[in-house]
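Visitor: Residue numbers (this note's numbering), protein chains in the order written: chain A, 1 to 521; chain B, 1001 to 1170.
Worth flagging that the hints you see were computed from the coordinates, not collected in a lab. No residue lacks a Cβ here, since even glycine has one placed at the ideal position from N, Cα and C. Please note that a few of the clues may not be correct.
Calculated cross-link-like contacts (lysine to any residue; reagent style SDA-like; alpha-carbon spacing at most 25 Å) [unchecked claim]:
id : chain 1 : residue 1 : chain 2 : residue 2
1  : A       : K242      : B       : S1149
2  : A       : K208      : A       : P282
3  : A       : K242      : B       : G1039
4  : A       : K230      : B       : N1029
5  : A       : K242      : B       : Y1033
6  : A       : K208      : B       : V1016
7  : A       : K242      : B       : A1030
8  : B       : K1108     : A       : I159
9  : A       : K208      : B       : S1006
Label pairs and their in silico Cβ distance ranges [what the hints assert, rightly or not]:
id : chain 1 : residue 1 : chain 2 : residue 2 : range
10 : A       : W43       : B       : D1141     : 55 to 65 Å
11 : A       : F178      : B       : P1135     : 34 to 44 Å
12 : B       : T1026     : A       : V318      : 53 to 63 Å
13 : A       : L270      : B       : R1073     : 51 to 61 Å
14 : A       : W43       : B       : F1023     : 16 to 26 Å
15 : B       : F1023     : A       : F178      : 29 to 39 Å
16 : B       : T1026     : A       : F178      : 25 to 35 Å
17 : B       : F1023     : A       : A263      : 22 to 32 Å
18 : A       : G59       : B       : L1076     : 41 to 51 Å
19 : B       : E1056     : A       : A274      : 47 to 57 Å
20 : B       : A1019     : A       : L4        : 21 to 31 Å
21 : A       : M277      : B       : A1019     : 25 to 35 Å
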Amino acid sequence: MIALVRRGTARGFDAAERGLNRLAGPAVNPLAQLGALGFFLFWIVVVSGIYLFMLFDTGVENAHASIEWYSTRYAWHAGVMRSFHRYASDMMIVVMALHLLREFSRDRYRGGRWFSWVTGVPVIWFLYMSGITGYWLVWDQLAQYIATTSTELLDWLPIFGEPIARNFLAPSSLSNRFFTLLVFLHIAVPLLLLFMLWIHIQRITRPKVNPPRTLAALTMLALLAVSIVKPALSQGAADLAKVPSPVGLDWFYLPLYPLADAAPGALWGLLGAATVMLAAMPWLPPLRRMKPATVDLDHCNGCGRCVEDCPYDALQLVLRSDGLPYHVEVVVNTDKCVSCGICTGACPSSTPFRSTGPLDTGIDLPDVTFASMRERLHELAARDTSSPRLLVIGCWHGAAAARGEDVLSLPCVAAAPPSLIDYALSRGLVDGVVIAGCSESACYNRLGVEWMQQRIAGERNPYLRSRVPRDRILSVWASPAEGARLDHEINTFKVRLAKLAQEQPQQQTTETPTTVREAAS
Amino acid sequence: MSLPVSIPRLIGLFAVLTAVTAFAATFSNAPAYRQIPAGTGVIKFSFSHSADRGRECRRRTPEELAKLPPNMRRPLDCPRSRRAIFAELAIDDVVVFSKELPPSGFAKDGPSQVYRRFMVAAGSHTIAARLRDTPRASGFDHERIEAVSVRPGQSLALDFRPEHGGFIWR
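Isolated chain B (complex conformation) (with noise of 0.2 Å):
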C-alpha cells in the first residue's frame, strides 16, 4: 500500500496539526480570569414577589351580579394588576439599590422582581433591605438591618420571601 503522501510530508503535517491543536487545548482553559478582585465578596440582592392589587377589591351591587353570566357572578371585583413594589438597598448606611419595581406582564399582574450584584469588601458590614409593598405613601412594610460578615470570595444572597417572615439570607 502507499501513502498519498510522503512519510516527512505527513510528519511535517502532524507537526503543525499538534501545535494547533495544542494552542486550542492551551488557550481552553488559561489565562485565569478574576471575576472579583481578591479579598471581595458578592452580596447578590434578589427578590420576586408580588405587591397588593392596584386598587382594592368592590363588592358587586346586585344589579352588577344580575348583568353577569350565571358562571361568572363573583361578589368581588378584583382588578388584575398589581403595585409597584419600592426597594432599597443599603449597605454600610450607604443606599446602593433604590428603586420602583414595577410588576411584571402585559397585565401588569406578574411579580415585582429584582436580582443585582454588589461587590463588597471582605469584612463585617452592615446590610440594610427595606420594602413597600402597599399602597403607603411613605415608609416602608417590610425591613431587615443585620450586621454581616463577608468572606472573600464568598457569594451571600438576599432574597424576599413573605412566607418566610420577609427578608431572608439564602
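Chain A on its own, in the form it takes in the complex (with noise of 0.2 Å):
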C-alpha cells in the first residue's frame, strides 16, 4: 500500500519536475530547492517579523490597534512586510509539505537517512507551533478563535492546572502578562524552529540551505506582488463576549481546528498516531539496508578525496593507524553510509588498468565491488554484438533501471570512477559510453550527478582524463518516467557513433598497469 502510493506520488513529482525543468532549467527548479526555499522562507519571515515586532504594541488592549495602525497607515512598507510575514509563513507550510512527499516518493528516508528524516518530524511541530501562536499576536478574531480553540485543545490533556481557556473565558479575564507570555512564545518557538532546522541538516554534507539567487529573488518578487495585490489584513478586533463566527481561517495552519471543536481526544489521537507513524517510517518494512562501505588501508592513502564526495558525512579522516608511511586515513561511519558507493568513484585506488594481483580500491562497497563493476564491463563488452558497442553506465534510481540486463547498473552513476570510461574506451572495448543517471534535479544520492558532471568536465578530482574522445560519452539525467528520451537519446548517439567511426576510426590506446601508489600520488 505504501509502496503504491509512492510509486503514485513519485510519477506526480516527476511530471512536475520535468515541467520545470523544462520552464527553468534544472538549475533553479524550485522543486529541487525545496529544502533551500524552506530556508530562505524562514530568514524572510525572521527579517519581516523583527521589523513587525518594532511597531508591535504588546499589550492586550493595543496589540490589535497597533496592527491595524501600520497595516493601513503605513501599508507601503509595513503592510507589505505583514503581507510577507504571512504568506512566507503559509509557503513554509507548502514547501515543507512538498519536501516531505518528495523525499517520500523517492524513498529517501531509510537507513542512513532515518536521521534527516526523523529530525524533520519536530520541525513539522514546531513551524506549526510558530504558526498559531503568531496568529493569536493579532488578537483579531482568528486569534480569539485560535487561542480559545487551542487552550481548550490542551485542557483536554491532563498536565495543566487551572483550564488554560479560563483566560479566554471574558474580556477581563485575559491579562497583559498572559499576552506577553504569548510574544515570548512566539520568539522562543521559531528560535527551537530553527535549531531543530540546523540539526535536520547535521548528517549531510553541503546542505542546501540556500537557493540560488535568481530563484530567491523570484520568490521575493512574486510575495511582494502577491502582497501587493492582495495584503493580509485582519478580521475586526477580538471581543471575548462573542463567538468568533464565520472566522477565515488559515488552512494551512488550522487544517484540524474544526475537529478540535468537535472531537479533540480524537484530534490528539491523530496527532499522536500521525507523529508515530512518521518517526516509524524509516523502519517500517520492505528494509532493504545495502553493507556500508569498507576501507582496504592497503589500498588507501589518506588523500581524502572520498570524505569530500560523501554526501552524508559518512567518513572521517583519522590518524593513520597501520603504520604506513601517511598521516591519516578514513574511517567509515557505518550508521551514516547510504552505501550510493560515491567514495568508490571518488577514490583515485579505483583503476581498472590493473593487471595484477586482486582488483581492490581503497573504499569499495562490499555488494557491488569495484571489482565487479569491471568484470561486468567485460562481460557487458563481450556480449554486445552490435555496431556501434556501448556501455551504459546506469543508476539504479534513474531511467536505466528499466533497461534491464544491458547496463552497468550502479547505486549511483558516481560509483563509477572516470577512469573506468577512459579504460572501457582506451581498450576498445566499446565504442561509447552513455552515463545514464538520476534526472538532473532529483539525485537519488544528492550530489552523485553534480559530482560526475564534474569530474567528466576536469573539474573535480578524479578527472576524466583529457585523451578521452568526449564525443564517445553521453550522459543522459533522466527519471524513470523518462525511459523513453533515454532510449532516444542514445539510438541519437549511436548514429553520432557510426558516423564518427566512418570519420575517425577509433584509436586505442594501451595503458602500462597503474599502482595504487602512482596513482594515488
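With the hints as a guide, bring the two chains together.
Guide: Shown next as C-alpha cells:
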C-alpha cells in the first residue's frame, strides 16, 4: 500500500519536475530546491517579524490597534512586511509538505537517511506552533478563535492545573501578562524551530540552505506581487463577549481546528498516531539496507577525496593506524553510510587498468565491488555484438533501471570512477559510453549527478583524462519515467558514433598497469 | 552581465512562483469557517474553586504536640486534601452538566476545576447553576437560577466566585 502511494507520488513529482525543468532549467527548479527554499522563507519570516515587532504594541489592549495602524497607515512598507510575514509562513508549510512528500516518494528516508527524516518530524511541530502562536498576537477574531480552541485543546490533556481556556473566558479574564507570554512563545518557538532545522541537516554534507539567487529573487518578487494585490488583513478586533463565527481560517496552519472543536480527543489521537507513524517510517518494511562501504588500508593513502565527495558525512579522516607512511586514513561511520558508492568513484585507487593481483580499491561497497564493476564491463562488452558497441553506466534510481540486463547498473553513476570510462574506451571494449543517471534535479544520492558532471568536465578529482574523446560519451540525466527519452538519446548517440567510426576510426590506447600509490600521487 | 536563465524562462518561473504564492494567500484566510451555526450563542460554564477539607481539622493533644519539633507544633491537625465538588448546570430545566469534580493536584489539595462550552439558540433561557462544596450528602450549597437573553453570536461566561457571592456572569 505504502509502495503504491509512493510510486503514485513519485510519478506526480516526476511530471512536475520535468515540466519545471523544461520551463526554467534544473538549476533553478523550485522542486529541486525545496529545503533551501524552506530556509529562505524562514529568513524572510524572521526579518519581516523583527520589523513588525518594532511597531507592535504587546499589550492586549493595543495589540490589534497597533497592527491595524501600521497595516493601513503604512501599508506600503509595514503592510507589505506583514503580508510577507504571513504569506512566507504559509509558503513554508507548502514547501515543507512538498519536501516531505518528495523525499518519501523518492524513498529517501530509510537506512542512513533516517536521521534527517526523524528530525524533520519535530520541525513540523515547531513550524505549526510558530505559526499558531503568531496568529494569537494579532488579537483579531481569528486570533480569538485560535486562542480559545487551542487552549481548549490543550486543556483536554490532563497535565495543566487550571484550565488555560479560562484566560479567554470573558473580556476581563485576559491580562497583559498572559499576552506577554504569547509574545515570548512566538519568539522562543521559532528559535527552537531554527535549532531543529540545524539538527535536521547535520548528517548531510553541503546542505543546500540557500536557493540560487535567481530563484530567491523571483520568490521575493512573487511575494511582493501577491502582498500588493492581496494584502494580509485582520478580521476585526477580538471580543471575548462574542463567538468569532464565521472566521476566515488559514487552512495551511489550521486545517484540523474544526476537528478540535468537535472532538479534541480524536484530534490528539490523530496527531499522536501521525507523529509516531512518521517517525517510525524509516524502519517500516520493506527494509532494504546494503552493507556500508569498507576501507582497505593497503590501498588507501588518506587523500581524502572520498571524504570530500561523500554526500552523507559518513567518512572521516583519522590518524593512521597501520604504520604506513601516510598521515591519515579514512574511517566509515556505518550508521550514516547509505551505500551509494560515490566514495569508490572518488578513490584514486579505483583504477581498472591494474592487471596484477585482485582489483581492490581504497574504499569499496561489499555488495557492489569495484572489481565486480570491471568484471561486468567485460561481460557486457563481450556480449555486445552490435555496432557501435555501447557501455551504459546506469543508476538504480534513474531511467536506466528499466533497461535491464544491458546496463552496468550501480547505486549511483558517480560510483563509477572516470578511469572506468577511460578503460572501456581506450581498451577498445566499447565504442561509446552512456552515463545514465537520475534526473538532474532529483539525484537520489544528492550529489552524484553533480560530481559526475564535474569529473567528466575535469573540474573535480578524479578527473576524466583529457585524452578520453568526449564525443564518445553521452550523459543522460533522466528519471524512471523518462525511459523513452533515454532510448531516444541512446539511439541518436549510436547514429553519431557510427558516423564517427566512418570519419575517424577509434584510436586504441594501451595503458601500463598503474599501481595504487602511483595513482594516488 | 549575463543572466543564468533566459528572460522568457525567468518570466515563466516567476508566473509559477506567483501562482503558488497566490494559492497560499488565498487559502490563508478562506474559506470561512463557522464555529457555531447562525442564530446561536454560547454559554461557558467554568470555575476553579476549592471545596472544604476532606475531613474536619482536629485539635492535637498536648502529648502529640510534645512529640513534634518545636517549629511544627501547630494546635490543629488539618488534612491537605479537599473534597470533590458536585456541580450541575441546567438550561431550560434540562440538566446539561452534572458531575463530581475531584480536587486537582497529586495531593488532592488543589481546586476543583471545570470548563465546558454549551451552544444555545439565541433567545431567552433559564439557566440554573448549582454547586455543592461541603460534606453534605444531598442538596446544594450554592445555586443561581436566572433567565438570560442570549443574542446570536454572544458568548456568556458563568463563573463561580465565592468572594462575589457565588455564581456570577462574566
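Visitor: All hints, please: hold or fail.
Guide: Against the structure, the hints:
no.: 1; hint: A/K242 with B/S1149; in the structure: 14 Å, holds
no.: 2; hint: A/K208 with A/P282; in the structure: 22 Å, holds
no.: 3; hint: A/K242 with B/G1039; in the structure: 13 Å, holds
no.: 4; hint: A/K230 with B/N1029; in the structure: 11 Å, holds
no.: 5; hint: A/K242 with B/Y1033; in the structure: 15 Å, holds
no.: 6; hint: A/K208 with B/V1016; in the structure: 21 Å, holds
no.: 7; hint: A/K242 with B/A1030; in the structure: 21 Å, holds
no.: 8; hint: B/K1108 with A/I159; in the structure: 14 Å, holds
no.: 9; hint: A/K208 with B/S1006; in the structure: 23 Å, holds
no.: 10; hint: A/W43 with B/D1141: 55 to 65 Å; in the structure: 59 Å, holds
no.: 11; hint: A/F178 with B/P1135: 34 to 44 Å; in the structure: 36 Å, holds
no.: 12; hint: B/T1026 with A/V318: 53 to 63 Å; in the structure: 55 Å, holds
no.: 13; hint: A/L270 with B/R1073: 51 to 61 Å; in the structure: 56 Å, holds
no.: 14; hint: A/W43 with B/F1023: 16 to 26 Å; in the structure: 22 Å, holds
no.: 15; hint: B/F1023 with A/F178: 29 to 39 Å; in the structure: 35 Å, holds
no.: 16; hint: B/T1026 with A/F178: 25 to 35 Å; in the structure: 33 Å, holds
no.: 17; hint: B/F1023 with A/A263: 22 to 32 Å; in the structure: 29 Å, holds
no.: 18; hint: A/G59 with B/L1076: 41 to 51 Å; in the structure: 45 Å, holds
no.: 19; hint: B/E1056 with A/A274: 47 to 57 Å; in the structure: 51 Å, holds
no.: 20; hint: B/A1019 with A/L4: 21 to 31 Å; in the structure: 29 Å, holds
no.: 21; hint: A/M277 with B/A1019: 25 to 35 Å; in the structure: 32 Å, holds
No hint from the list above goes unmet by this structure.
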